[in-house]
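**Student:** Residue strings, one per chain:
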Amino acid sequence: MSSPAVPVTAPVAITIRSSGRRYARFFGNVATRSVAIVALALIWEIVPRLGLVDATFLPPLSEVLVAWWDLARSGELWEHTQASLTRSLVGFALAIVVSIPLGLLIGWYKPVANLLTPLLEVFRNTAALAILPVFVLILGLGETSKIAIILYACAWPILLNTVSGVRTVDPLLIKSARSLGLGPVSLFQKVVLPAAVPTIFTGIRLAGAYSILILIAAEMVGAKAGLGYLINYAQYNFAVPDMYAGIITISGIGLIVNQLLILTERRFSTWRTN
Amino acid sequence: MKIVFDNVGKQFRGVTALDGVDLSVRDGEFLVIVGPSGCGKSTLLDLLGGLAEPTSGRILVDGKEVTGPGLDRGVVFQQYALLPWRTAQGNVEFGLEAKHVPRRERAARAREYLDLVGLAGFHDRYPHELSGGMKQRVAIARSLAFDPDVLLMDEPFAALDAQTRDGLQDELLRIWEKTGKTVVFITHGIEEAVYLGQRVAVMTSRPGRIKQVVDVPILSQSEDVRSDPQFAHYRHEIWTLLRDEVNRARSEELEANRV
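Residue numbers (the working numbering), protein chains in the order written: chain E, 40 to 313; chain G, 103 to 361.
Since the hints were made in silico from the structure, they are not lab data.
All clues stand as given, with none of them false.
Coverage of chain G stretches by chain E, computed from C-beta distances (three or more under 8 angstroms per stretch; other residues unrestricted): (1) 168-176; (2) 190-200.
Beta-carbon label-pair distances, calculated as ranges: (3) Asn153(E) <-> Ser139(G): 34 to 44 angstroms; (4) Lys166(G) <-> Leu302(E): 49 to 59 angstroms; (5) Gly291(G) <-> Ile76(E): 51 to 61 angstroms; (6) Leu158(E) <-> Arg360(G): 44 to 54 angstroms.
Ideal Cβ placement from N, Cα and C applies to all residues, glycine included.
All chains, please: the whole structure from these sequences, using the hints.
**Tutor:** Below, the structure is given as structure tokens:
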């Protein structure tokens with residue numbers, strides 16, 4: 040009668056062991072993924088302290104973090120972040136609103152594509168920052184020119200991905216929908232648009248990254264607030280730890296934005312697993 | 103006559119794909135069309151589906167000329183053509199939406215037809231979660247659900263492995279008997295043609311014409327029809343008809359590549 044006890048306890052032991060192993064693997068993963076970051080932090084801390092580089096130009100990480108904390112506590116950091124995020128978000132949102140309909144139009148109507156493609160090729164291959172002076176010249180130094188340059192930079196990846204998303208819809212799906220007698224409007228709404236969504240989202244994610252990258256450059260030219268301004272201003276005034284604090288904040292924001300967009304993208308394209 | 107091809111011809115950029123095709127299909131009949139590859143079998147089906155227009159001649163369904171796609175004909179493609187962002191259920195409902203079936207009725211009908219093709223319990227799976235055979239079952243359910251009179255099938259089982267194909271052939275015959283649809287089935291498989299068809303139309307190589315229509319009576323209901331001597335007889339007859347065409351198509355292809 041003692042034999043039933045064995046099969047009962049055995050699975051329990053296995054689950055404990057396997058869940059233990061799962062935790063071990065999870066922490067192992069986290070450890071592997073943090074090694075490089077931790078190493079960078081350590082090097083940043085130690086190298087200036089050993090005098091291998093001039094601590095005036097590269098203060099140890101701990102000093103930078105203290106400066107960051109001071110900026111955060113005084114509310115100054117939040118003020119700059121808010122100014123930056125507002126510009127980024129407005130430019131990014133406008134780019135979505137403008138580019139997606141335009142991209143759908145270009146992708147779907149051959150004549151529109153033939154008309155606009157050469158123009159698009161020219162602008163696409165002109166770096167956004169090369170045009171920044173033009174924007175400043177025409178729109179002035181205020182918010183308008185900054186939002187405009189972000190809008191411009193974000194518009195391209197969304198536009199081009201929307202066009203290619205519409206163009207690359209599986210022709211068989213269109214043929215099959217036509218065989219059901221679907222008219223052009225329902226065909227677009229029920230087949231072309233949903234098929235293009237994942238590609239459009241890839242464009243949106245790229246644009247999200249651009250909105251942060253371009254913003255900083257835009258803010259270094261004649262701004263009175265924003266993280267780009269903070270970094271530039273700190274450098275002029277030799278507040279080197281503040282400068283690094285600004286840079287760290289920017290990387291953090293970039294990472295968070297990208298992560299959020301990846302999550303949204305996944306939610307919209309669960310069906311595209313292979 | 104349910105379907106009539108009346109001297110139908112089709113040209114693509116100067117190349118004659120079909121020339122003078124005459125063929126009639128009876129109501130409720132299971133007709134199989136076989137032919138060498140590139141003979142215009144699929145073009146014939148596109149014309150019947152209203153997805154392309156004949157260059158000459160006309161096609162009648164129920165005495166009315168085909169002018170475009172319509173829900174009286176359902177098409178099943180070799181590559182399934184399922185919408186990857188919709189579940190099995192959603193894909194079947196897609197055809198019903200095209201027919202403007204009320205929303206509530208759609209769900210019930212989709213489920214009914216998924217059951218019919220043996221996919222009960224798989225209604226919430228996405229295409230990428232289904233095997234090739236299951237995807238084709240969904241596609242068949244989609245084409246049956248909006249209740250067309252005619253089912254047009256373009257090499258529907260060609261991409262499947264042999265066992266899955268055998269299973270689906272039986273399933274298709276069962277569904278055909280149950281629903282009484284007229285089926286026009288295209289294949290390049292001779293065995294498949296003899297096994298499924300009441301009549302088998304053999305096409306010539308390009309330009310495609312109907313070479314001969316072979317009547318295949320209902321063979322003995324033995325467990326393994328394919329090894330029946332009568333089955334072998336019809337298989338051989340169609341094979342002989344096709345052999346010359348296949349050879350001709352091959353030598354023409356070689357000739358074209360040499361130039």
